[in-house]
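Student: What follows is each chain in one-letter form.
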Amino acid sequence: MSQITYREAVRMALRESMAADERVFLMGEDVGRYGGSYACSMGLLEEFGEARIRDTPLSESGFVGAGIGAALVGMKPIVEVMTVNFSLLALDQIINNAATLRHMSGGQVSVPIVIRMSTGAGKQLAAQHSHSWEGFYTHVPGLKVMSPATVVDARGMLLAALDDPDPVIIFEHAGLYNRKGEMPDPPPKVDLSTARVAREGTDVTLITHGGCLWRTLEAAQALAEQGVSAEVLDLRVLRPLDWQSVFDSVAKTHRAVIVDEGWKSWGFSAEVSARIAEDAFWMLDAPVRRVAGVEVPIPYPTHLEQASIPQAGQVVQAALQAVGRG
Amino acid sequence: MTTEAITQQLLELLVELAPEFETSEIEHDEDLREQLDIDSMDFHQLAARIYEVFGVDIPEAERVELTTVERCVAYIGAHRT
Amino acid sequence: MPSLGADMEHGTLVEWMVEPGQQVTKGDLIAVIETDKGAIEVEVWSTGTVEQLCVDVGVEAEIGTVLARIREPGDPPAEATAPTPASTEAEKPKPAPTPAPSTVPAAAPPTAAGRASPWARHLASQRGVSLSGVAGTGPDGAIIGVDVPQAKATPARAKGSDLDAMRRAVARAMAKSKREIPHYYLSTEVDMTPTLAWLSRTNAALPPPERLLPALLLIRAAAKAAREVPQLNGFWRDDQLEMADAVHIGVAVALRGGGLVAPALHDADSKPLPALMAALSDLVRRARRGRLRGSEMTDATLTTTSMGDRGVERVDGVIYPPQVAIVGFGRITERPWVVDGAVVPRQGMTVSLAGDHRAHDGHLGARYLSVLCEHLRNPEAL
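As they're listed, the protein sequences go chains S, W and U. Counting along the first sequence from 1, when you hit position 131 you're at 131 in our numbering, and nothing is skipped either side. Basically our numbering = 1-based index in the second sequence + 1000. Basically our numbering = 1-based index in the third sequence + 2000.
I should point out that these hints are in silico values taken from the structure, not numbers from a laboratory. Glycine residues also receive a C-beta, built at the ideal position from the N, C-alpha and C atoms. Do not take every clue at face value.
[Said to hold, decoys possible] Some chain W residues near chain U, calculated using beta-carbon distances under 8 Å:
| hint | residue |
| --- | --- |
| 1 | M1041 |
| 2 | Q1045 |
| 3 | A1048 |
| 4 | Y1051 |
| 5 | E1052 |
Looking at chain S on its own, in the form it has when it is part of the complex (with noise of 0.2 Å):
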């Protein structure tokens, strides 16, 4: 066992699925000679060479449309694009072509392409760059979207992305890639399927992903104080959803609420929430509460900021009112 940073457990995905692979290689902005914006791929340049870890142009659509393409041959591409702010850019290429080349060419092709994507706010990098976009691309009939919010996970997802034949894209906060987590070892394999509890509790489920899932869980810890025993389910798959887990969460504890750095109106947690009331209804003691982005353009002062995303303290009142207590 070992204490690693996300960012750590993202190179040793890279290097393991590079080294055991030859059709593995990673392409994105500056993720070469920088050592990859986020310092991901720091010294993958020098162990496997120009062709294997390729620094692309400035341009979102027409990287992507190449990656797309490597995966269209029999390539692994692990494309990365530096913020989801930017794949706005590639839509057309990740809606239109990668997710969609396999319904279009009834099953003949398949675009095993994986496209890891920085996301969230919370570094002052003010509007443009801030966004929580998984509302947009879990809502795409042929991605699968994948929120790893744990070390095991950013290593794990990766490489289980990659076994993958068609599209995947993974969402890495950019808050995570500094934080330390154990890494068993061996470090173990995981699924592209099934949600996890993050802490089990009774009273009420908290419901997250990704970046949010520590503040839920420091959340939890100061119900407990309250005394309401609370859930944390750490989703992990976007979409795919793990729907299964979720009901048997609510079908334990009656009560649900999501956390999502998104923006609260027609997004992410609305699905859940939606979900929910179709399927469970009949368990619930409490309407379904979210706790998500204001909806405004993300702001670039720190304190404006910070008021612009979930806290902690925000999912403590709405678990409190989910119990009758706030």
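Using the hints, position chains W and U against chain S.
Tutor: Chains W and U in isolation, oriented as in the chain S frame:
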């Protein structure tokens, strides 16, 4: 009217007062008050019904003695005209 | 749904005795309602036409729920919808529209359940229990899963009444009485010899079904005394004594199997004795069968309890709130009595009074007992 007929009729009147009993469950030689948990109001009603059914008037003073089915039947039998 | 007792919270409609369109007169029996204390026949208090029966047979409703609408002569015909406050929104035009709270749709049947969560409804349905009257511990007082009562052990009920529920109801009432009413106690002994002699003579001349019971004379004496000392005949409500116009004696009746009710014998002071005796017999019979009327459950102004049959010398009763007194009669026994300096055997009885010290004091209570005994000693005037 035979003693058996009087007894049967009386038992039915008693079951009117205490409907959770069957006629076969009532002991003939045990105290009625204790068996059936009936009070003076019930006895009053019973006396009224005995009068209606048998034409026998049981004055208050003599009611005290009629504590069992057997005694009631004997009284009724002796006083029927 | 009438409140037929201090602690009644809900009742189940088990039978409608009228139909829409039927003419009813004040006092007619209109429905049968099942409560903790048994099945009660409910009278209607208006005269008119039954317009709408609002609650279905088998439905349990909280007290205050509208059960039926009667159109009295002169009323305009109403729309047959459930009463939702649609009119309030039209009356108050607000400058800034506030988000409307979610309201029950107009077509919803007026059932009792307070807001209950889906999980609570699911459990209630599984267990076959009702949510009406259940206290909610969820958000905004909603009923949630943990509030749902467990399934009843046996669905079968005792004849006409659920004795466990009745015992609980009695327990609640008695506990409340002891908690809230400052009881004081008085007693006296009365020579019943002349009374019993009079009764014997009177009954000798009557056919058995018409004969009078000693119990009747006790009730009558208590009622007449209540006329003369009215502070013991009424209700303690809102920190004051409301003296009642009529004297309706609550007759404590022990039910077979262990329940207890004290239904009202109306106008016990003034109804002619033969009629009162018939009414008493009928009341006790119906009490034991669980077929009392609504007014009988609520109208008693003063209660008497007689333990003579059980061989008890003296009864110190517990007052039934909101009444302010209860009279107890013990067993009539032969006991030594001093008359003109000599000790003679007499038929003596102990009469006791428990009174609510908020409404009146021992002085008045003593006077009441004195008057009551005087009435007993003059049975021909009863």
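Student: Now tell me, hint by hint, if it's right for this structure.
Tutor: Hint-by-hint comparison with the structure:
1. This hint holds: M1041(W) has a C-beta 5 Å from the nearest C-beta of chain U, less than the 8 Å allowed.
2. Residue-level restraint check for Q1045(W) holds (minimum Cβ-Cβ distance to chain U is 7 Å; threshold 8 Å).
3. With its C-beta approaching chain U no nearer than about 4 Å, A1048(W) sits inside the 8 Å limit, and its interface hint holds.
4. For the restraint placing Y1051(W) at the interface with chain U, the shortest Cβ-Cβ distance is roughly 4 Å, inside the 8 Å limit, so the hint holds.
5. Using the Cβ-Cβ criterion of 8 Å, the hint placing E1052(W) at the interface with chain U is satisfied: the shortest such distance is roughly 7 Å.
Violated hints: none; the structure is consistent with every hint.
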